[in-house]
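Keeping the supplied structure of chain A fixed, place chain B upon it in accordance with the hints.
From first to last, the protein sequence lines stand for chains A and B.
Each step along the first sequence adds one to the number in my numbering, with nothing skipped, and position 509 is 509.
Each number in my numbering comes from the position in the second sequence (counting from 1) with 1000 added on.
Don't take every hint at face value.
Here are the simulated SDA-like pairs of lysine to any residue, each with C-alpha atoms no more than 25 angstroms apart in a straight line [said to hold, decoys possible]:
| no. | chain 1 | residue 1 | chain 2 | residue 2 |
| --- | --- | --- | --- | --- |
| 1 | A | K68 | A | I40 |
| 2 | A | K181 | A | K297 |
| 3 | A | K190 | A | Q317 |
| 4 | A | K469 | A | K181 |
| 5 | A | K330 | B | D1176 |
| 6 | B | K1136 | A | D174 |
| 7 | A | K3 | A | A28 |
| 8 | A | K297 | B | V1045 |
| 9 | A | K297 | B | G1139 |
| 10 | A | K409 | B | K1107 |
| 11 | A | K135 | B | K1073 |
| 12 | B | K1107 | A | T200 |
| 13 | B | K1199 | B | Q1057 |
| 14 | A | K190 | B | D1176 |
| 15 | A | K167 | B | M1108 |
| 16 | A | K330 | B | T1048 |
| 17 | A | K469 | A | K297 |
| 18 | A | K297 | A | A403 |
| 19 | A | K199 | B | M1113 |
| 20 | B | K1199 | A | T200 |
| 21 | A | K469 | A | K303 |
| 22 | A | K190 | B | K1173 |
| 23 | A | K297 | B | S1012 |
| 24 | A | K303 | B | V1025 |
| 25 | B | K1136 | A | N357 |
| 26 | A | K68 | A | L204 |
| 27 | B | K1199 | A | K409 |
| 28 | A | K303 | B | V1279 |
| 29 | B | K1073 | B | V1264 |
| 30 | B | K1199 | A | L204 |
| 31 | A | K297 | B | V1025 |
| 32 | A | K303 | B | M1269 |
| 33 | A | K330 | B | V1045 |
| 34 | B | K1136 | A | M215 |
None of these hints come from the bench; they were simulated from the model.
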Amino acid sequence: MKKYNDLEYLRLSKGQKFLYRLVSFFAAIPVALKNGCLGIGRFFKNLAAAIGRELADIVLTFKNGDWKTRLSFLIMGFGSMARGQVLRGLLFLLFEAVFIFYMIMGGGHWMSLLSSLGRIGPHDEYSAVLDAYTKVYGDNSFKILLYGVLTIFFIIALVYTWRLNIKQNKIAEDILRSGKKLRSGKEDLKSMVDDQFHKTLLALPLTGIILFTVMPIIFMVLVAFTNYDGSHDGYNNALFTWVGLKNFRTMLTWSGSGVNYSATFGEILTWTLIWAFFATFTNYFLGMFVAMMINKKGIYLKKLWRTVLVLTIAIPQFISLLYVSKMFAKNGIVNGLLLDLGWITQAIDFMGSQAHNALLPRVMVILINIWVGIPYLMLITTGILMNIPADLYESSRIDGANAWQQYTKITLPYMLFITGPYLLTSFTNNINNFNVIYLLTGGAPTNAAASGAAGSVGYTDLLITWLFKITMGAESQYYMASVIGILVFLVVAIISLVVYNVLPSIKNEEDFQ
Amino acid sequence: MSNKRHMGLRASAHISNTLIYIVLVVMSVVWLIPFICIVLQSFRVESTWQVGYVIPQKWGWDNYVALWNSDFKRWYLNTFITALATAVGQTVFVLCMSYTLSRFRFKMRQGLMRFMLVLGMFPNMLAMIVLYRVLKDLGLTQANAVPGLILVYIASSGMGYYVSKGFFDTIPKSLDEAARVDGATRAQVLWKIILPLAKPIVIYTILTAFMAPWGDFVLARYISFGTSAGMNVAVGMYSWLQQDMIGQRYTMFCAGGVVVAIPVTILFMCLQKYYVEGVTGGAVKG
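Here chain A stands alone, though its shape is the one from the complex:
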């Protein structure tokens, strides 16, 4: 492709600029990939070098250190305690003790079974006392996987703390040698609310995130490579074990014979993207439009109109969504009204299981989502619209611009520039918009063509509701749910990456003056 220099680029029209950025983004992919691979190589090289340096430093510390330092290699925190920094020393020692306790209590056992996820499953065993066969439970694959991962985390933490403990000894020795005094425990405590305050503040939230978000996600990513499901629950009925890439193959290979996972996945992905596109942009433009109407000079009762709309945000969504879904049910109010008016002769199933095609329910969920979303967008855009400098409109009117030109040349670029990041997050949120779909239609109407895949797929199902249904079903194919989750992540990540690189407003580049 042709490369433009800055001057040539500035002469392009808006559409050409966008196209140019898009094309150059995709043209840059091979280079980026190459750089990425090189970067990974460099990373490992640096990592190896860093480990080498650390090891050399550790050996040197041991060689040059006094006996207190040397003993700290075995008993963490000993050096600190011997030099009077009791609090630090105790903390190191405590960590070591907890680690040893954890490893003895089962950490070591779980980690040793990680490669097989358990050897002995539940089985019947003859009991001489009862003179009968009774069920005996063996290993627990779920716990092995979970605590195995936890143990690996723990070991990494221990290595890091151990290294820290050695570094502390070296620093303490240096300070003492230069004739200064070490920090006391009291000063340590004080630094926790002062120059080390960020560590104090982050401690709890980060622990929470690691335990309740990072760990579960790592676990579930690993589940995608196992056969964990309702009939292999790892303890009660059968163990589960590693199956390699089998599940990804099931999901992504096109077998051609109609009913299979890949066809279903493709169909649901397409609808998910269509949904996310419409849900985001209809809300955005209509919400902005409503905000502009209310903002317009000469419109009275501005506060009333806003309050009416904002009121609907306050009411918990599950109430309004469930209620609206029942309003449009076959025996709901809307059908009742239409029948009474004589506009229809037979009740329409707008979104239920008997809707006779996929289109109507899909349009309905998008329309109802507009109803849900406009108030939010009205709120968000009102403030921004009022911040647009009035003299821009003033001078454009003198130049003879009409309302439409003002909108496309002033309002819209300004809004897109300011709300670019919001649009991106709202798009990715809509990809995962579980509540609206599940509470409105529950995925209905059923997609008969997709009956080969687990989770009774419907025409309005998004990937995320499909994932949920799979885990709630009788079979509970957790491994498939996990594969879908990973694919959703990839979709979101790719979209974010492309948008970040192509849209100028997100990178705060230029284009609006």
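Frame of chain A, contents of chain B only:
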């Protein structure tokens, strides 16, 4: 306005304003109709199932009485406790996180923020499957779902720091520095200087944290897992609208909806100013 002198322009402004009024009135009706219907149907006593008309033929408090005698009380209490605890815990976590990321420059800061961004791209439903099993081992599911729910809501809430970090970024750093020069510790700066200034964002965080549990459906459904005593209002009332229940429970659902919506709406309307500030700021800063 200068164009008021031109009669033609004035007339067209009149027409467009009239059109706008019509649109606004229609919109207000469309937006309010479902809620008006809920309120009206909650007072209908002649039948409990869904009907094709709006105005009840017989009015009464029967549905509210039935509500009082059902599991709804328990669900309501569950949700209320969850919401209160979450509002406190989540606010603390979010403020810690956002203040730190806004004010301190430490080695891992950029890496941490990038890491959380990537982490947020995983659908959080994935984590729920594991959390359910883990909480079950801890005995925090089904009838004991409330502490389990609170734990999960609070634990991961640090990830939602964006809006309040954006707010903290707007408070000038020179304030911190001046106080530090006067000998205040970092913690004192936060307590005595930043927090009083950050009142709007604190209220916004409390408000959103309090409102979220009222609408949460998925996680609450996983964790209560069919046990009525552990359900929140969303899960419990969802079950009333399923095929086997809707015949007897439809009007009760409407009454329940009213009872749930009233306190949340009143709270929201009182603190609306702060909500608008937070939402607008969040959209602008991403």
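Hint by hint, here is what the structure shows:
no. : hint              : in the structure
1   : A:K68 - A:I40     : 40 angstroms, violated
2   : A:K181 - A:K297   : 71 angstroms, violated
3   : A:K190 - A:Q317   : 46 angstroms, violated
4   : A:K469 - A:K181   : 63 angstroms, violated
5   : A:K330 - B:D1176  : 62 angstroms, violated
6   : B:K1136 - A:D174  : 51 angstroms, violated
7   : A:K3 - A:A28      : 12 angstroms, holds
8   : A:K297 - B:V1045  : 47 angstroms, violated
9   : A:K297 - B:G1139  : 60 angstroms, violated
10  : A:K409 - B:K1107  : 43 angstroms, violated
11  : A:K135 - B:K1073  : 41 angstroms, violated
12  : B:K1107 - A:T200  : 15 angstroms, holds
13  : B:K1199 - B:Q1057 : 49 angstroms, violated
14  : A:K190 - B:D1176  : 18 angstroms, holds
15  : A:K167 - B:M1108  : 19 angstroms, holds
16  : A:K330 - B:T1048  : 17 angstroms, holds
17  : A:K469 - A:K297   : 50 angstroms, violated
18  : A:K297 - A:A403   : 14 angstroms, holds
19  : A:K199 - B:M1113  : 15 angstroms, holds
20  : B:K1199 - A:T200  : 22 angstroms, holds
21  : A:K469 - A:K303   : 43 angstroms, violated
22  : A:K190 - B:K1173  : 23 angstroms, holds
23  : A:K297 - B:S1012  : 14 angstroms, holds
24  : A:K303 - B:V1025  : 13 angstroms, holds
25  : B:K1136 - A:N357  : 41 angstroms, violated
26  : A:K68 - A:L204    : 33 angstroms, violated
27  : B:K1199 - A:K409  : 38 angstroms, violated
28  : A:K303 - B:V1279  : 18 angstroms, holds
29  : B:K1073 - B:V1264 : 16 angstroms, holds
30  : B:K1199 - A:L204  : 22 angstroms, holds
31  : A:K297 - B:V1025  : 17 angstroms, holds
32  : A:K303 - B:M1269  : 13 angstroms, holds
33  : A:K330 - B:V1045  : 22 angstroms, holds
34  : B:K1136 - A:M215  : 16 angstroms, holds
Comparing the model with each earlier hint shows violations of hints 1, 2, 3, 4, 5, 6, 8, 9, 10, 11, 13, 17, 21, 25, 26, 27; every other hint is respected.
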